[in-house]
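Asks: Here are the chains, one letter per residue:
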Amino acid sequence: MFVLIVGAGRVGSAVAKSALAAGHEVSVLDADPLSHERLDAGQSESWEDAEGQFTVGTALEVEALVQAGIERADVFIASTGGDNTNLIIAQIAQKRFDVEKVLARVMDPARAGWYGAQGLQTISPTRHAIEMFESALEIQPA
Amino acid sequence: MYAIIVGAGKVGRNLARELIVKGHEVTLIESSRSCYLAIEEEFEHAAQYGDATELWVLERSGIQRADLVVAVTGDDEDNMLVCQVAKEKYLCERIIARVNNPRNHDHFRMLGIQPAVSATDLILRLIEHEVPRYGLVHLLALEEERLEIIELEVSEDAPTVGVKVAEIALPDGSLIISVLRNGTGFVPKPDTVIEAGDEVLLVLDTGLEEALTAFFAPNGQPV
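Going line by line, the protein sequences match chains A and B.
Counting in the numbering used here, the first sequence tops out at residue 142, every number present.
Counting in the numbering used here, the second sequence tops out at residue 223, every number present.
Keep in mind the hints are simulated off the structure, nothing from the lab.
Every residue gets a Cβ at the ideal spot worked out from N, C-alpha and C, and that includes glycine.
Be careful, since some hints might not be right.
Stated by the list, open to error - Among chain A residues calculated to face chain B with C-beta under 8 Å, some are:
no., residue
1, 94
2, 95
3, 97
4, 108
What the hints assert, rightly or not - Pairs of lysine-lysine residues, derived as DSSO-like cross-links and limited to a Cα-Cα distance of at most 30 Å, are as follows:
no., chain 1, residue 1, chain 2, residue 2
5, A, 101, B, 164
6, B, 89, B, 10
7, B, 89, A, 95
8, B, 89, B, 22
9, B, 22, B, 87
10, B, 87, A, 95
11, B, 10, B, 87
12, B, 164, B, 189
13, B, 10, A, 101
14, B, 10, B, 22
If we strip away everything but chain B, and leave its shape as in the complex, we get (with noise of 0.2 Å):
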């Protein structure tokens, strides 16, 4: 695979070190002179020197070629522009694009750029999953599709304790995929019986996280 990476601050620098490692072609391209001369050192030809939201600087480094760009610089308007050109004028098929302001998420998202990650979206997330309060946490979200799967502790006042799997009328577009109790997890047969303090994992369609939020965690605080 032919990556490039824009940006070589701390995130460019070891993405772009993972790579090689892992067989891939990497090009780095840094705009700041100072910090190109450093990265020079250890990335010799894979570093490149210049302003990448500079369409022949985009066009120097191969970019008709690229399988994969990824904009991780400081600036969120560079990482749009690079991440737009790459894709619609280049057609570039993989894009990922760093969000430095989480405010600035839904520009991303207006302009198509997907995906768009957010180091303080990735740690909310985390905190979400690491504190157990939050009766609801995002696993995975694939925003195109319009999937998502969710973990939910099931509460004491939950309508489904000692309700059977196949008795639990869950909206369409939604179902149980895994349960996680005492520590492992099986996937449900319709007539496993639902317990309070089963972690319950649900696939379903983007909007139905209130829905069910009521089977199992009626009073939590899906986040």
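So that you can see chain A by itself, here it is in the shape it has in the complex (with noise of 0.2 Å):
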């Protein structure tokens, strides 16, 4: 499979690796060249020199975008900083790329369930904290 991934932060880079590790072919797009360190780390071997592929660029510039191979990406994983640039870019990629798979990062659970019932696959981290506290207390969520 191809996967873009869009935004290397702590996230990304490390799904990123994973899945390059696991034998897919991955693509990371992000504004900020110094992220491309957080793919190195920790690896014995270059991002490059395993095979991955970094581009610097937004992921609302669409030439960004294909130049990282949106044309081609079976995934894409929107996981930027920012709850509104992912839910967007998602929404590119989904409807201008035709990316068969597409998911966000959400950090507001609100945000995140809207554009879910719309059927846009969303990931809230923010959720989930708050899931596991209320099992950690035994309350059931409300």
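Reconstruct the complex from the two isolated chains, following the hints.
Replies: Pasting the structure below:
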């Protein structure tokens, strides 16, 4: 599978590394050139030597998405630091480029819930944290 | 009318002021604390502090009963999200979005966010209007209705010079609605003869511009 990950923060870079290790083709797009260091950290060889791709650019720029290979992506992961950016670029991937599987990280459970109901697959770390706290306290979710 | 304005920068603030003067009810939402404190002095209860991309902030401001939502923050993703949610979740009938980076205009369109206003595009349009060497001026574009009104200056070499309006076989879906000659405009009759230097106003289906340019300004430079 060809996996395109936008946003190489803690989540994006970790998923990128495990996807590459699992044998997938992985391309990472991030506006910050220094975010590349996270892809190399703790690895025995560099990201490029391991055949990972890295593109500097913002995901709202269609050229950057194309350069990062969105036209042949099977999976698109939006994991930038901004909920709204993730929601918008995920819709670009889904509607403009017809990427088959699109996932967006959305911290705000409310936005994650509504966009989820509209057919966008959202992952809300905040929601998971709330549920885990609730279950640690043995509270039934409201 | 009840209007919610998101983003209290220069645009948002002045819009709010104008709408209030015209007697409308307005809520101005601003997410920066320092900016909010500055506008709160002027707008009092009409100013609200919060991130309008949070659904509860929109709900607190009464989005369910808003007639108009205007998103004019400096961030295009935020403007797109606010408008999309206003339109699709809260079924607000009228939305207006500001486009900061004109390269993002397509994204607004793709998400069905219309009208989306870009200062760059507006100024470009004014330049088109002010600089006569461009043969064609867009006066109005009704994107959803797929209609436009354009203005063309009739060049010396145009095939329509000296021809009666009734004899000009314009493509289907286009019509001359007015002729501007020597500074005055009039609605042409079938026997009105087109002259070089006339400015003709045409209403047309989207996509007919090039065909019409060939009639009135074959060597103009449509923009």
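Asks: Work down the list of hints and note, for each, if the structure agrees.
Replies: Status of the hints after comparison with the structure:
Interface restraint check: residue 94/A against chain B, minimum CB-CB distance 10 Å, threshold 8 Å, status violated. Proximity of residue 95/A to chain B holds as hinted, the smallest CB-CB distance being about 6 Å (cut-off 8 Å). Hint status for residue 97/A relative to chain B: violated, with the closest Cβ pair at about 11 Å, above 8 Å. Proximity of residue 108/A to chain B holds as hinted, the smallest CB-CB distance being about 6 Å (cut-off 8 Å).
Distance hint between residue 101/A and residue 164/B is unfulfilled; the C-alpha atoms sit about 59 Å from each other, more than 30 Å. As the CA atoms of residue 89/B and residue 10/B are separated by approximately 28 Å, the hinted pair is consistent with the 30 Å bound. Between residue 89/B and residue 95/A the alpha-carbon distance is near 19 Å, which keeps this suggested pair within the 30 Å criterion. At roughly 28 Å between alpha-carbon atoms, residue 89/B and residue 22/B fall within 30 Å of each other, so this suggested pair holds.
Proximity of residue 22/B to residue 87/B is assessed by CA-CA distance (about 24 Å); at most 30 Å being required, the pair is judged to hold. A threshold of 30 Å between alpha carbons decides the hint, and for residue 87/B with residue 95/A the separation of about 18 Å falls inside it, so the pair holds. For the suggested pair residue 10/B and residue 87/B, the alpha carbons sit about 24 Å apart, so the restraint of at most 30 Å is met. Restraint check for residue 164/B and residue 189/B: satisfied, since their Cα atoms lie roughly 9 Å apart, inside the 30 Å limit.
For the hint pairing residue 10/B with residue 101/A, the CA-to-CA distance comes to about 40 Å; that exceeds 30 Å, so the pair is violated. Among the hinted pairs, residue 10/B with residue 22/B is consistent with the structure: their alpha-carbon atoms are about 18 Å apart, no more than 30 Å.
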